[in-house]
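**Student:** Chain by chain, the residues run as shown.
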Amino acid sequence: MQKNLTGVGINLRLEYIDEILTQLPKLPFLEIIADNWLSLGPHHQKLAKLREHYEISFHCVGMNIGGSDIINTHYIKKIKELCDTYQPFQISDHLSYQANNGFHHHDLLPIPYTKKYLINTSDRVMQLQDLLKQTLIVENPTYYTAYAESDIAEEDFLNQLAINTNCKLLIDLNNIWVNSQNFKINIDQYMTTINWAMVKEIHLAGPDIMGEFYIDTHGSDINHDLFQMIKKYQDKLIGLPIFYERDNNIPKLDVMLHQVEKVSEVLYD
Amino acid sequence: MTDKFNSLDFFSNLVLSSQDIDSKELLVAGSEKGLDIYRQCYVHTLLDSLKNSYPAVLKLLGESNFNYFGNLYIQKTPSLSPNLNDYGAELGHFLVERAELKDISYVLFIAQLDWFWFHSEENQHESIQLSKGSLALWDCITHDKNVEDIVIDPNNIENVCIIYENDTMYLVTKE
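Chains as they are written, first to last, in the working numbering: chain A, 1 to 269; chain B, 270 to 444.
No wet-lab data here; the hints were simulated from the structure. Each hint should be verified, as a subset may be incorrect.
[To be verified] Ranges between beta-carbon positions, derived for each pair:
id	chain 1	residue 1	chain 2	residue 2	range
1	A	Gln45	B	Ile426	29 to 37 Å
2	B	Pro324	A	Trp196	16 to 24 Å
3	A	Met126	B	Ser287	45 to 53 Å
4	A	Asp235	B	His362	54 to 62 Å
5	A	Ile70	B	Ile432	35 to 43 Å
6	B	Ile290	A	Gln189	46 to 54 Å
7	B	Glu390	A	Thr22	22 to 30 Å
8	A	His43	B	Pro347	22 to 30 Å
9	B	His362	A	Ile209	23 to 31 Å
10	B	Gly299	A	Glu265	36 to 44 Å
Built from N, CA and C at the ideal position, the CB exists for glycine as well.
Just need the whole structure built from these sequences, with the hints factored in.
**Tutor:** See the structure below:
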């Protein structure tokens, strides 16, 4: 079920769920990591309650979109059941692989950007969309190594993937910024090459620096550079659902809501 | 391993292996420095998951020992499910076979109770059989109570199951 919703929301961590249920802060939507709801438990009753007040989107980390193992139909069936229960307005996962030869990394491993992997990823997105019976949204990842064989720019790979499969795109501005810091990719070239007609969601987050790498920890506030990007590409972002993600160094809910306010001020004022 | 996607196999193996494997044909020169980020993330994620599933074992062993044995377990035991909550089912058996822990072999029962409780929603109609006294010990460790008077009797078995009362779940022994 895809709806055209706009505004700035947050990813819903379990730490916030009771407070959000009590306060019902003014947010247009929430995003949940669907993988965190695969197991049974009382948290499901709370999500059902939240669903009465908020639209939600599903973000996944286990579809193995870029992998070569056969699609895990048991996992996809579980995700589909969650979709049927909670009716998210859209569902996404990453341009990466998370499992190989049956071993699960629980991380977003990079894939080579070549024609061979584009064909493979396109085939898998088509299969996933068939199984889920809905459009999949694919997110640009961060990466900390680079394959020697890659010969397609990530933005071109994503654009072609969308053409091949009619999937949609999720653009994470922080991921682009992190990759630009670690691998000197050109942000403006990326942002002007992406086919914005296919983009259906935006992610924002803050990184941390470890050694010589910026890491996409979702562990800090949105940095100055990212606010500059938001301002510069305001016209592309303004009609899209935007989520601020935080998974580490978890602040109080007020801090999350303040980040949402700051983004809204830059975007909509 | 398939030839068709050998880069994925190669990279996955690089992350899972702690050995120094030559990656210069796979990765752009210099970028192999980023491999450690993936390796650390893998161990960190699985170790966090074990701590989440085994809170009483964590208390019993202490953080430092848990990290040590957890790391050994992770090296030996890959994750075979996309659901992190499924990871670590055999930790108790792994721990009880460690020579360093031979004096606290009841760590097996504590681990089995942690796992049973962690998956209580799925285990509502199940029971487990442990040496008598195991649940009392687990309860004391879990709630930071004195364990001095607890006796584990390996010659007698207790059945532990889950009951639901007033919307709350409990572990109890049953005859």
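**Student:** Next, verify each hint and record whether it holds.
**Tutor:** Here's how the hints hold up against the structure:
1. Distance hint for Gln45/A and Ile426/B: a CB-CB separation of about 35 Å, consistent with the stated range 29 to 37 Å.
2. For the hinted restraint 16 to 24 Å between Pro324/B and Trp196/A, the CB-CB distance of approximately 47 Å leaves it violated.
3. Separated by about 37 Å at the C-beta atoms, Met126/A and Ser287/B break the suggested range of 45 to 53 Å.
4. Separation of Asp235/A from His362/B is about 59 Å and conforms to the stated range, judged on CB atoms against 54 to 62 Å.
5. Distance hint check for Ile70/A and Ile432/B: the Cβ-Cβ separation is about 41 Å, which falls inside the suggested range of 35 to 43 Å.
6. At about 34 Å, the beta-carbon gap between Ile290/B and Gln189/A misses the expected band of 46 to 54 Å.
7. Taking 22 to 30 Å as the suggested C-beta distance range, the pair Glu390/B and Thr22/A conforms, at roughly 24 Å.
8. For the hinted restraint 22 to 30 Å between His43/A and Pro347/B, the CB-CB distance of approximately 27 Å keeps it satisfied.
9. Judged by the Cβ atoms, the range 23 to 31 Å given for His362/B and Ile209/A is violated: they are separated by roughly 40 Å.
10. In this structure, Gly299/B and Glu265/A meet the distance hint of 36 to 44 Å, their C-beta atoms being roughly 40 Å apart.
Of the numbered hints stated above, those contradicted by the structure are hints 2, 3, 6 and 9, listed in ascending order.
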